[in-house]
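A.B. asks: Please model the complete structure; the sequences and the hints are all you need to start from.
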Amino acid sequence: EAGVVQSPRYKIIEKKQPVAFWCNPISGHNTLYWYLQNLGQGPELLIRYENEEAVDDSQLPKDRFSAERLKGVDSTLKIQPAELGDSAVYLCASSPSRGHTGELFFGEGSRLTVL
Amino acid sequence: AQKITQTQPGMFVQEKEAVTLDCTYDTSDPSYGLFWYKQPSSGEMIFLIYQGSYDQQNATEGRYSLNFQKARKSANLVISASQLGDSAMYFCAMVDNAGNMLTFGGGTRLMVKP
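Residue numbers (this note's numbering), protein chains in the order written: chain E, 101 to 215; chain F, 1036 to 1149.
I should point out that these hints are in silico values taken from the structure, not numbers from a laboratory.
Heads up, some of the hints might be wrong.
[As the list claims (entries may be wrong)] List time: in silico DSS-like cross-link candidates among lysine-lysine, alpha-carbon distance up to 30 angstroms:
1. E:K178 - F:K1038
2. F:K1051 - F:K1105
3. E:K162 - E:K178
4. E:K111 - E:K178
5. F:K1038 - E:K162
6. F:K1051 - F:K1148
Only a predicted model underlies this, so the values are computations on that prediction, with no experimental measurement involved.
C.D. replies: Written out as structure tokens, the structure reads:
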């Protein structure tokens, strides 16, 4: 069974440029998460989807960040415009369970560097 | 609000020895879950072990065991017979009563010496 797939693995952009990250969760997993992980820190939740509905986006900086999961499968996280402080790893995870009551399966992450 | 604290930024252990990684938590929920994840240099978070707050016995998964002390609000990870491949970041995490929030600690970097 394929795991959670994220792309790109690495992205280097200049500040004020847009960037997008893509995530394909494990087949059949209805719950999808985007996490932000700064260097040397634990992941922090940005947004959680149940199918195509964003059920928790309270930590998503909505002035520059947006996310979508139109068909309840793949998801895209966008930053526009990027700032220097956005340099981090963006992790996608999926789960067959509603909420966080079960194990999360993570992708390898997308490492963003903003110059 | 939930909080997870991992007080050991880095740990060394000799190969084949056991090591304990500390985790303390704070929550007002009567029911919650505790997880440990491993993050190797490749970046992927790998699930290791889960403990429910009402579980009577400490969770075990192969060489991993969770030393759950509810009164002390601690959930330490014990790795027995350390292997070189155990070198990685380890994160303690908690889910709340409604399963709506997974909070991670700051992590502990474990380095296994040959």
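A.B. asks: Do the alpha carbons of K1051 (chain F) and K1148 (chain F) lie within 30 angstroms of each other, as the hint requires?
C.D. replies: Between K1051 (chain F) and K1148 (chain F) the Cα gap is close to 9 angstroms, so the pair holds against 30 angstroms.
A.B. asks: With the threshold set at 30 angstroms, check whether the alpha-carbon distance from K111 (chain E) to K178 (chain E) stays at or below it.
C.D. replies: 13 angstroms, holds
A.B. asks: Given the hint that K178 (chain E) pairs with K1038 (chain F), test it: the Cα-Cα distance must not exceed 30 angstroms.
C.D. replies: The hint holds at about 28 angstroms.
A.B. asks: Given the hint that K1051 (chain F) pairs with K1105 (chain F), does the C-alpha gap stay at or below 30 angstroms?
C.D. replies: Holds, at roughly 29 angstroms.
A.B. asks: Assess, step by step, whether the Cα of K1038 (chain F) is no farther than 30 angstroms from the Cα of K162 (chain E), and give holds or violated.
C.D. replies: 24 angstroms, holds
A.B. asks: When you check the alpha-carbon spacing of K162 (chain E) and K178 (chain E), does it fall within 30 angstroms?
C.D. replies: With a Cα-Cα distance of about 10 angstroms, the restraint between K162 (chain E) and K178 (chain E) holds, given a limit of 30 angstroms.
Checked against the numbered hints listed earlier, the structure breaks none of them; every hint is satisfied.
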